[in-house]
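Visitor: Residues per chain are reported as follows:
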Amino acid sequence: MEVVSLNQISPDQVIIWSWSFIILNVTILYTWLVMAILVVGSWLVTRHLSSEMHVSRWQHFLEVIISIIRGEISEMTKKGADHYIPLVGTLFLFICVSNVLVIVPGFVAPTSSMTTTAALATCVFIAVPYYGISRNGVFHYVKEYFQPTFIFFPFHVMGELSRTLALTVRLFGNIMSHEKVIGILLAVTPFLFPVVMQILGLLIGVIQAYIFAILSMVYIASALSAEDEGHTEVKKEGSPA
Amino acid sequence: MDSVSLVAMASIIGAGLAMGIGSIGPGLGMGQAIAQALAAIAQQPDERNSLTRTLFVGLAMIESIAIYCFVISMILIFANPFWGHVIKGIVK
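Residue numbers (the numbering used here), protein chains in the order written: chain B, 1 to 241; chain W, 1 to 92.
Just so you know, the hints here were simulated from the structure itself, not pulled from any lab data.
All C-beta atoms in this analysis are idealised placements derived from N, C-alpha and C, irrespective of residue type, glycine included.
Misleading hints may appear alongside valid ones.
Residues of chain W placed beyond 12 Å of chain B at every Cβ, according to the derived structure [as the list claims (entries may be wrong)]:
#1 Val4
#2 Ile21
#3 Ala42
#4 Met61
#5 Ser64
#6 Ala66
#7 Ala79
From the structure, some residues in chain W lie toward chain B, with a derived Cβ separation under 7 Å [stated by the list, open to error]:
#8 Phe56
#9 Gly58
#10 Ile67
#11 Val71
Derived CB-CB ranges, DEER-like [stated by the list, open to error]:
#12 B:Lys79 to W:Gly16: 44 to 54 Å
#13 W:Gly16 to B:Gln59: 50 to 60 Å
#14 B:Val206 to W:Trp83: 33 to 43 Å
#15 B:His54 to W:Ile24: 35 to 45 Å
#16 W:Gly58 to B:Leu200: 16 to 26 Å
Chain B on its own, in the form it takes in the complex:
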């Protein structure tokens, strides 16, 4: 069952249904499928939340995931994670689910299309100034661009743009390359070897989701003021351990 053939670089080119200017391609279909799985799954689980001794196993599952994400984020920001968990946790879950579902035959990971990854990276690109400004105000955020002198302004802007490009291309390249490698191996050594590569692809998909979330968290944390961190550090040293 091959939806995207080997000579097509992106699932955007496979069009399922079109009506005048509305075009439904494979990327949109599977993006909405992943979104539906995430939303309906978490809605079903969180319908009957309980804080008693007997907790349903699905609630345990979600609690473990959320507490791991929260622990990772709060270790990075050294502060609360509650501001960042909606964005970073959602990015991680979406990418992870869409990469892992590749083992289902006929499923095409929406992250293997450059449009999806560009959209996700644009979310991070917008979120960085949003969190920076909402934490420190516009003046402090803009001042960071002119550190140490005003000559560095174009380099800061360039860095911001190029890391967005890197986020896009990294996720897209990893996932798409694995699809292509598996497709080529199926033609060359059909039986056992593609399965091994598929397992490796699952591992790489999860690692890429982790890397995407961690990198976006790093970028957001870099927009939060350095002054603020200095204060907390002084306080930490002064207080008894």
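Following the hints, position chain W against chain B.
Guide: For chain W alone, coordinates are given in the frame of chain B:
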């Protein structure tokens, strides 16, 4: 040799060279980074979490160079901008 086969040959050879030469540097760099991180983890097993996280972020940065090469070779094979030019010239 006509120009279509010349463009095809050049882009295929270019794609192979880009991938082959371009992955030498990131391979060396990632090996170095992992070796250092393993040594650091062996010395301080308590710091394993933050070391692993920093390692992954660094590996992602290094890896992106190889991925740029890969995307260049994919563009050369699948979406070559010179194809259109050459084929337009032939149709004229």
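Visitor: Report the numbers of all earlier hints that the structure fails to satisfy, in ascending order.
Guide: When the structure is compared with the hints, numbers 4, 5, 6, 7, 9 and 15 turn out to be violated.
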